[in-house]
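Engineer: Chains as they are written, first to last, in my numbering: chain Y, 13 to 114; chain Z, 4 to 533; chain L, 758 to 854.
Take these hints with a grain of salt, some might be off.
[Said to hold, decoys possible] To be clear about the criterion: a stretch of chain L counts as covered by chain Z if any three or more of its residues have a C-beta under 8 Å from a C-beta of chain Z, and this derived list gives those stretches:
#, region
1, 787-793
2, 799-811
3, 836-844
[Said to hold, decoys possible] Derived DSSO-like pairs (lysine-lysine); straight-line CA-CA distance at most 27 Å:
#, chain 1, residue 1, chain 2, residue 2
4, Z, K275, Y, K72
5, L, K763, Z, K173
6, L, K800, Z, K5
Because the hints were derived from the structure by calculation, they are not lab data.
Every residue gets a Cβ at the ideal spot worked out from N, C-alpha and C, and that includes glycine.
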Amino acid sequence: MEILSQISLQLLGFTLLSLSLSRHYDQVINSVKRPSKPIVWTLRLSGYGILLLAIIQGIKSWGLALGLVYSFATATLVATLLAMLLTYKPHYLTFIFVRLKP
Amino acid sequence: MKSTFRQSMAWLHTWAGFTFAWLLFFIFITGSLGYFENEIDRWMKPEIVVVNETIDDVEVFNLAKQQLNTLASHADKWYIAYPTTRDPFIKISWLALANAELGISKQWHEEYLDPYTGNITPTRDTSGGETLYRLHYNLHYVPIVVGYLLTSLASLFMLIGLVTGVIIHKKIFIEFFTFRSGKGLRSWLDIHNVFSVLPLPFHLMITYSGLILLMGISFSPVIDATYGEGRKLHRQFYDVSQTENKRFDTTNIPAVDLSLSTVLLDAKQRYKNNNISFLGVIDRSPNNNTEQMGFEVWLDGSEGIEFATLITYRVVNGQVQIEESIGKKYSAGKVYDVLEHLHEGLFAGPYLRWLYFISGLLGAAMIASGMIIWVKKRQKNSTRLINLIDRVNAAVIIGLPIAIAAYFWSNRLLPLEMVNRGAWELHSLFIVFTMCICFCLVSRPAKAWKNMLWLAAAIYAFLPIGNMLTTEHSLLSSAQEGDWLMLGFDVSVLVFASCFAVAAALFKKEHIAPEHTSEISKKPHPELGT
Amino acid sequence: MKFTKKQILVSNVTCRVLIALVGGYILSSLSAILIALLLPGDKINSIITGLMLSFVIYTVTVIVVFTTKTTLRAGAIVFSLCTLMYFFYHYLNGITV
């Protein structure tokens, strides 16, 4: 359960971070328009925030040393998955954007 | 070296990586397999009877003690390994002391018990998972010190490669998730970045801690100068630096009653939340004099990244005293300990263990993709040397997995009564590896890659079938009996087979690009003056 | 006798590799020894610290050797640091013994 929440938190965090980069923003929402500055900053800050939250959750559930190991290991997994998703199935990630858009 | 800092770093990155790439690939692959040492060991000893239901600790103890009494009454140390999730079987081991009369040297013995009958299960002579993972620092055929020094040097180059790689990678954040497929060299660079940057914490940790684990050998002059010269003093240095802080406690076991069974009962009461993984008797005397004997209890599931807790019972001044290790005495020793635990990952549960393994494979893939890039960048002026290196690349990158599969196959196929069977398993690994290199040297690179990939896919895909034909373990029976280790191994092997098959199928498309460039490269190249 | 451009490059690279590997080893060993001697507190502790840091120093040395403008200068830097440390080590030994 803790592992699952760790994975989902990091997945969300890394997705937001990747969307703050214009290359992946374009891939996901299929436009050539550059994202506006406020959007980029919202994405970036919320991404980092959620990642921080994930690390805190890791430390809380497994203790400092083991928690960090869990967080870093999960980050590797999630980021690799995300890189593959962004290359081959970027539209899977549109859901985040739909939610974010008012 | 070059005109700008970044160019010098790029040069260093290229050549530091290139120099030891093949050895590093070997180290990363065999080292990664080490994370599944026990699981591989179980597969290579198919005779072992697995414990599925929970057996009472005392019952296990009685079975084991009976066998130890008959087999190892004169041994100096006894150990009983309790069934755990990673090793779901009962194992007994003992240290037989050297006996000049009988011409026996000091040696560890181990046997597996059938939990249902209490008899010894004879297992085949095999090198097992342990020898396989030890390859990653002893390199097998060379003297052990040479192995240590070579792996240390290779790791140093790896560390340099990692640091320079971070320095030269300008867009480390912007290209964090970037992989552009089907673009020739660009794609290879992208994939090299993905394999390096995402598991970077792991790569740095594993390389640095690997160096540190061997620092006593690689930097032995430092110990000479600061602590003292000579083997004996070095040994002493290690022993002192490993000093543990101890917590002492007394028990109400009467000294005369001290035995493994009383210790077991006491430990079970004291540490209700922990499982017992090992019971041991050290400093045994043949006449069963408990005065000097020590009784060890190893507990599972301790906190943090410690693997196990050790408790020792001894008679001190007519009273039974408990001694519990609570971490290293020296703070630098603690840092060393943390790095060692991180490197070995013994604390890891299934999830972390798999991630460790995958990160290790990503490291190997990083090295492999680096080598491929090295060749691709130089393919334009396709010389014989570059061609040769391309061939050896194929031989090492795909040949090593094939050789490891051959190791597994030899475990099943070599005659059971063969002399030095275990050693021959390893020989077959290296024989097949050499054969792969020879095969690649005589065929065209593109062909070599493709054939090797198909061969790897086949040799892995048939492994579960081989297992089924030579033992009574098949995918189905393992699932029915709940023999998860056996099943896990067979399924993982099939996954690897399909990965190789996919790679082989995709290979054709991918290889059009370099073929294309070699056409162009026949024209004179202004920069190189050819 | 005139050296070709390629020969100069090869000899340059060989020199640098030697300076980086051999010089780097000596430099990092010496600094590990000095750290072990100079750090206050327990001796074992300082030795382990020195040993663990020696790899960082080794890596940095290699990088510095390959980024310095000329091979001569790289050699000079490593050599002078080594000599300096060596004498310092003997000076310290003179005091402690």
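Engineer: For which of the previously enumerated hints does the structure constitute a violation, in increasing order of number?
Structural biologist: Checked against the structure, the hints that fail are numbers 3, 5, 6, while the rest are satisfied.
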